[in-house]
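Residue numbers (my numbering): 1 to 305.
Treat the hints loosely; a few may be bogus.
[What the hints assert, rightly or not] Using C-beta positions, here's what the derived DEER-type ranges look like:
no., residue 1, residue 2, range
1, 288, 102, 21 to 27 Å
2, 89, 284, 45 to 51 Å
3, 164, 92, 37 to 43 Å
[As the list claims (entries may be wrong)] Pairs of lysine to aspartate or glutamate, DMTMM-like flavour, derived with a Cα cap of 20 Å:
no., residue 1, residue 2
4, 255, 149
5, 255, 19
6, 36, 19
7, 211, 238
8, 255, 217
9, 255, 238
10, 99, 149
11, 211, 149
12, 36, 58
13, 255, 138
14, 211, 144
For the record, the hints were derived by calculation from the structure and aren't laboratory data. Using N, Cα and C, we set each Cβ at its ideal position, and we do this for glycine too.
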Amino acid sequence: MESEILNFRMGCAVWAFKDWVGSFYPARSQPTNFLKLYGERMLTVEGNTTFYSVPSAEMVQRWVNHTPATFRFCPKLPRAVTHEGPLMAHLPAALSFLKLMQGLGERLGPIMAQLPPSYSPASFDDLAAFLTAWPRQDAAIALEVRHLDWFRPDQAERLTALLTRLGVGRALLDSRTMYDWESQNTGCGRGSDNGSGDVDPQLQSTRRKPKVTLQPEVTADFAIIRYISHPQLMRNADYLAGWVSQINEWLVAGKQVYFFVHCPMEVESPMVARYFQEQLEAAGVGVPPLPWMALAQPPDQLSLF
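Build the full structure now, drawing on both the sequences and the hints.
Written out as structure tokens, the structure reads:
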């Protein structure tokens, strides 16, 4: 039987994170059970693991066996496809990866193509050819660009027109918390401490995530948001409030939304996701329940407010 179609899915970037044991995962949880536990709490996961290492068919089947039918994986194309020259040169490898991911069956969500900062609009024809050749009837694909020239108005308009024409989604990186808080903390330049003698992990993370302009546009029937959260929960409040209204607008328009919470201190990501779910529900946005909310309250939840 076909699984339920959900209009909104919340998730994190990973599932195999041992420091979640005792908070997001029950105490004494074993790594072999992490995916099952994650699937009992979240509705989707960003497949960072496939960017670095292509799994075996047997591992893909284990992913299926350990998650509910309503769960969705959004795997990244391997870096050997997206980060080693023209995309068209690696189309056979991309199609081979797609065939492997189809082993997920109904659990396969959109596949993400994250382009490196070196991939500029000068490669527009290569990008257009690759996206045109991608069999979108077999799997949706979402694009994330990082070269700053893609965010110039003329190039942004050109890219949006291409993606809209092909029905390719956008993977929107929201890294504002990192850079806004860096600029607001006088005397706390990149890599400086936060007044306690410790290096602020939010400032450290600026070295790993690019400072790109957020362009909240939908070019297909779905969108992916990659939200880079601040490790101090309430410093996310204003940014997430903006996403509440934007996501509501998209859902009312019949779009499907995947929202992935990252954090420089990954241990905090689930709690930021839970807080955002609460804000969506409080605003009356028509999102499905987060399975985690029906489980026993996390030990540190009461200390947050």
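Hint-by-hint comparison with the structure:
1. 288 with 102: 21 to 27 Å: Because 25 Å falls inside the window, the suggested range holds.
2. 89 with 284: 45 to 51 Å: holds, 49 Å
3. 164 with 92: 37 to 43 Å: violated, 27 Å
4. 255 with 149: violated, 28 Å
5. 255 with 19: Violated: residue 255 and residue 19 sit about 34 Å apart, past 20 Å.
6. 36 with 19: OK: residue 36 and residue 19 at ~16 Å, within 20 Å.
7. 211 with 238: Since the Cα atoms of residue 211 and residue 238 sit roughly 19 Å apart, the hinted pair holds (cutoff 20 Å).
8. 255 with 217: holds, 11 Å
9. 255 with 238: Violated, at roughly 23 Å.
10. 99 with 149: violated, 33 Å
11. 211 with 149: holds, 12 Å
12. 36 with 58: Measuring from Cα to Cα gives roughly 16 Å; hence the hint holds.
13. 255 with 138: holds, 19 Å
14. 211 with 144: With a Cα-Cα distance of about 13 Å, the restraint between residue 211 and residue 144 holds, given a limit of 20 Å.
Of the numbered hints stated above, those contradicted by the structure are hints 3, 4, 5, 9, 10, listed in ascending order.
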